[in-house]
Every structure is written in C-alpha cells, then in structure tokens.
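Undergrad: Just so we're aligned, residue 379 is where the sequence shown starts under the working numbering, counting upward by one.
Where hints are given, some of them may not hold.
[What the hints assert, rightly or not] Calculated pairs, BS3-like style, for lysine-lysine (alpha carbon to alpha carbon, straight line, at most 27 angstroms): (1) K397 / K386; (2) K393 / K457; (3) K457 / K437; (4) K457 / K397; (5) K393 / K437; (6) K397 / K479; (7) K397 / K432; (8) K432 / K457; (9) K393 / K479; (10) K437 / K471; (11) K393 / K432; (12) K437 / K386; (13) K397 / K437; (14) K397 / K460; (15) K460 / K393; (16) K471 / K460; (17) K437 / K460.
[As the list claims (entries may be wrong)] The calculated label-pair distances, taken between Cβ atoms and stated as ranges, are: (18) P410 / P439: 16 to 26 angstroms; (19) A476 / P416: 28 to 38 angstroms; (20) Q443 / A465: 26 to 36 angstroms; (21) G459 / G409: 28 to 38 angstroms; (22) K397 / Q473: 12 to 22 angstroms.
To be clear, the hints were calculated from the coordinates, so they are not data collected in a lab. A quick note: this is a predicted structure, and the numbers were derived from the prediction, not measured. We put the beta carbon where it would ideally sit given N, CA and C, even for glycine.
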Amino acid sequence: MSVLSVNKNNFEQIKNNGKTVLLDFYADWCGPCRMVSPIVDQIADENPQYLVGKINVDKEPDLAQAFGVVSIPTLVVLKNGKAVDQAVGLRPKAQILAMLKG
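All chains should be built: construct the whole structure from the sequences, respecting the hints.
TA: Structure, rendered in structure tokens:
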C-alpha cells in the first residue's frame, strides 16, 4: 500500500480506519526527514496491515500542534484512533516496525 498524504480534511477518516496507523511528520527542507522517508515508504509497501501517512508540518501546523510535534521527523503510531507511541529523529526500520507491533 502506498503512503497517504494526510491533511486536516482526511485525518479523521485515516485515524478511525481500524488499522494501526504510522504518521510521519516532516518538512521538505528537513535533511533527517528525507533520510527517514524511504524507510517509511518501504514499510508502507511491505506491510499492508498498517496504514502509513505523511504530514507536512509546514502545510498542516494544526495537526503537528495537536500531536505536540516540536522537532522533525516525528513518527507517531495510532491504534484505535489514539497515539500509543511517538519517536523523534531518524530511526532504523526495525525500530519503527517494533513501534508498530508495540
């Protein structure tokens, strides 16, 4: 499954879809964000049981604020519509998958 672009218009639908959700908060100008992006893409392609979305903090500051994002990249895992795990900074694939399995 491909990565979804998440914004305030589709966030509720994504949050309440029934699957575990991985949200990648990023900005185009952020170097570490560009490094984690292909890892997130790979997780989305290899794990259809998860819903993976990216949120551009420059375009969606309200969503970033709602999750307390102060540094990027920030990865947030949602289960049943609630945040259950959060990590800031570049993370290896295995650690991101462990967050999802949590």
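Undergrad: Compare the structure with each hint and give your call.
TA: Consistency of the hints with the structure:
1. K397 / K386: Given pair K397, K386 holds - Cα atoms ~19 angstroms apart, limit 27 angstroms.
2. K393 / K457: Status holds; Cα separation ~8 angstroms.
3. K457 / K437: Holds - the C-alpha atoms of K437 and K457 are around 24 angstroms apart, at most 27 angstroms.
4. K457 / K397: Holds, at about 7 angstroms.
5. K393 / K437: Judged against 27 angstroms, a Cα distance of about 18 angstroms means the pair holds.
6. K397 / K479: The given pair, whose Cα atoms are some 12 angstroms apart, holds under the 27 angstroms limit.
7. K397 / K432: holds (16 angstroms)
8. K432 / K457: holds (16 angstroms)
9. K393 / K479: holds (17 angstroms)
10. K437 / K471: holds (26 angstroms)
11. K393 / K432: This hinted pair holds, its Cα atoms lying about 13 angstroms apart.
12. K437 / K386: holds (10 angstroms)
13. K397 / K437: holds (25 angstroms)
14. K397 / K460: Holds. K397 to K460 sits at ~11 angstroms (cutoff 27 angstroms).
15. K460 / K393: It holds: about 8 angstroms lies between the C-alpha atoms, which stays within 27 angstroms.
16. K471 / K460: holds (22 angstroms)
17. K437 / K460: Since the Cα atoms of K437 and K460 sit roughly 22 angstroms apart, the hinted pair holds (cutoff 27 angstroms).
18. P410 / P439: 16 to 26 angstroms: With Cβ atoms ~19 angstroms apart, the hint holds.
19. A476 / P416: 28 to 38 angstroms: At 18 angstroms between Cβs, range violated.
20. Q443 / A465: 26 to 36 angstroms: For A465 against Q443, whose Cβ atoms are near 18 angstroms apart, the range 26 to 36 angstroms is violated.
21. G459 / G409: 28 to 38 angstroms: Given range 28 to 38 angstroms: holds, Cβ gap about 32 angstroms.
22. K397 / Q473: 12 to 22 angstroms: holds (20 angstroms)
Of the hints listed earlier, those the structure fails to meet are numbers 19 and 20, in rising order.
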